[in-house]
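**Student:** Listed in order, the protein sequences are those of chains A and B. In terms of my numbering, the first sequence opens at residue 1 and continues consecutively. In terms of my numbering, the second sequence opens at residue 1 and continues consecutively.
Be careful, since some hints might not be right.
[Stated by the list, open to error] Here are the simulated BS3-like cross-link-like pairs (lysine-lysine), alpha carbons at most 27 Å apart as the crow flies:
#1 A:Lys109 to B:Lys110
#2 B:Lys90 to B:Lys109
#3 A:Lys20 to A:Lys46
#4 A:Lys114 to B:Lys109
#5 B:Lys114 to A:Lys88
[Unchecked claim] Partial selection, computed: residues in chain B whose CB lies under 7 Å from chain A:
#6 Trp93
#7 Val99
#8 Lys219
[Unchecked claim] Here are some chain B residues the structure puts well away from chain A; computed CB gaps all over 10 Å:
#9 Met43
#10 Gln56
#11 Leu89
#12 Lys90
#13 Leu103
#14 Ser107
#15 Ser108
#16 Gly128
#17 Lys142
#18 Asn152
#19 Ser153
#20 Val160
#21 Ile178
#22 Arg192
#23 Lys197
No lab work stands behind these hints, which were simulated from the structure alone. For glycine and all other residues, C-beta sits at the position ideal for the given N, C-alpha and C.
There are 2 protein chains.
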Amino acid sequence: MLNYSTSEENYIKAIFHLQKDGTVTTNELAAELQTRPASVTDMLKKLSNKKLVHYQAYHGFTLTSEGRKVALVIIRRHRLWEFFLAEKLKFSWEEVHEVAEDLEHVSSKKLIDKLDEFLGFPRFDPHGDPIPDANGKIETSKQICLTELPLNSTAVVCYVSDQSIEMLDLLGHKKIAIGTKIEVKRKFSYDRSMEIKIRQSRRTPLEQAPINISEQLAKNIFVKYGT
Amino acid sequence: MLNYSTSEENYIKAIFHLQKDGTVTTNELAAELQTRPASVTDMLKKLSNKKLVHYQAYHGFTLTSEGRKVALVIIRRHRLWEFFLAEKLKFSWEEVHEVAEDLEHVSSKKLIDKLDEFLGFPRFDPHGDPIPDANGKIETSKQICLTELPLNSTAVVCYVSDQSIEMLDLLGHKKIAIGTKIEVKRKFSYDRSMEIKIRQSRRTPLEQAPINISEQLAKNIFVKYGT
DNA sequence: GAAATATTTTAGGTTTGTCTAAAAATAAAT
DNA sequence: ATTTATTTTTAGACAAACCTAAAATATTTC
Chain A
1 MLNYSTSEEN YIKAIFHLQK DGTVTTNELA AELQTRPASV TDMLKKLSNK
51 KLVHYQAYHG FTLTSEGRKV ALVIIRRHRL WEFFLAEKLK FSWEEVHEVA
101 EDLEHVSSKK LIDKLDEFLG FPRFDPHGDP IPDANGKIET SKQICLTELP
151 LNSTAVVCYV SDQSIEMLDL LGHKKIAIGT KIEVKRKFSY DRSMEIKIRQ
201 SRRTPLEQAP INISEQLAKN IFVKYGT
Chain B
1 MLNYSTSEEN YIKAIFHLQK DGTVTTNELA AELQTRPASV TDMLKKLSNK
51 KLVHYQAYHG FTLTSEGRKV ALVIIRRHRL WEFFLAEKLK FSWEEVHEVA
101 EDLEHVSSKK LIDKLDEFLG FPRFDPHGDP IPDANGKIET SKQICLTELP
151 LNSTAVVCYV SDQSIEMLDL LGHKKIAIGT KIEVKRKFSY DRSMEIKIRQ
201 SRRTPLEQAP INISEQLAKN IFVKYGT
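With the sequences and hints as input, model every part of the structure.
**Tutor:** Quick look at the structure:
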């Protein structure tokens, strides 16, 4: 079970990413995969036979629930490798994607689950995209940079990109950590600093006075909506 | 450059391993790769055109120096991944090979060199086989278990397979470490324990009194001939 | 050294995934 | 509602890597 060719996997993954906006068309997919529409039709028939996509000639296609499950496995592999490359091998942000494109097709489930464990079950890849867990569960809300959080919105810190001693010292002083709830109260256009209210996760319901965050700090803090 | 298909890579690697005993024959290679002689002939023509093998119809083949270079790159990848799987992901000894068979075909040189660095430039994989360095240099003498070292032979400790606290404590007490020179003076058939003389690497020229090593300990110490 | 046996190569076919060019279906425009 | 344009599918080919069966070459044996 769950043994597909590199090519099939790439199609499934691409459909998953494109289908956010409704059904996917042949041309869209051909453009995404840098191939020809005729090739897409060929492959789609195959994936349709394998019950991975709903396909009606001339009317686009979407993944079946089985197809979605496969897609999530591939995305899990991809993002875990990206995390590994950035975190352990010190690849830069922009370099990880290309190498992960190859690594993601190595299909040993045990390899991926052990890699996940080795990495400490990370929940976001270096681009801030969520990593599906071993059961295919994935965070719905995408991670965004604190600088992009709109005024008066509340979100939770989930990742800090710069992990230097100095950075962690500053965060400690401001009592900001993974899980801290943040609400943006003001943004100053002069230096792009912001004023925020924070609440420690769970056990600290008391309202804190607003504190100030420099642009440089905000740039390295990532948050997501929700709990 | 250096971009070959998975199939080509498997052929090159297999020829490298088989050619230790002279030229390789079509049947040998077919058996090794679980394929048919006719398929081997097809591929061999292709590799011959690419100047990776010397090939004369009906008379076997060997790698060219270019082919050997390619083989060493593939073996380097394979053994580094094996080391990674065993050391970092806690795969058992016997499981690493199969997964590494897939990982070895991911061809990014940067990936492999960074992996090498991350792992601390290991010189032997979990089976005791030497890992070629980034320039394709490889230890000539294979690592063997101390139990296999013949009487009155001298060799150098290069690897310890059991790295439990207890084991390291015992090794520390006996002053045995990586680089220690060992000469086997006696082997007792009764309990398969052995008496050895040791000399610390370089700076300790003085002859030590022989010490005794249990079979259990010897089984976990690996040595190689040479410096 | 000719016959028997084993090995290797050729010839022709299959599958996977791609392509081009032409035909069919859908969507847009007048 | 036709015509025009776009999109999608079919038809037929091709390369890679494999296969079977038959022919060619080596090797053994007598």
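**Student:** Which numbered hints does this structure break?
**Tutor:** 6, 8, 11, 12, 13, 14, 15
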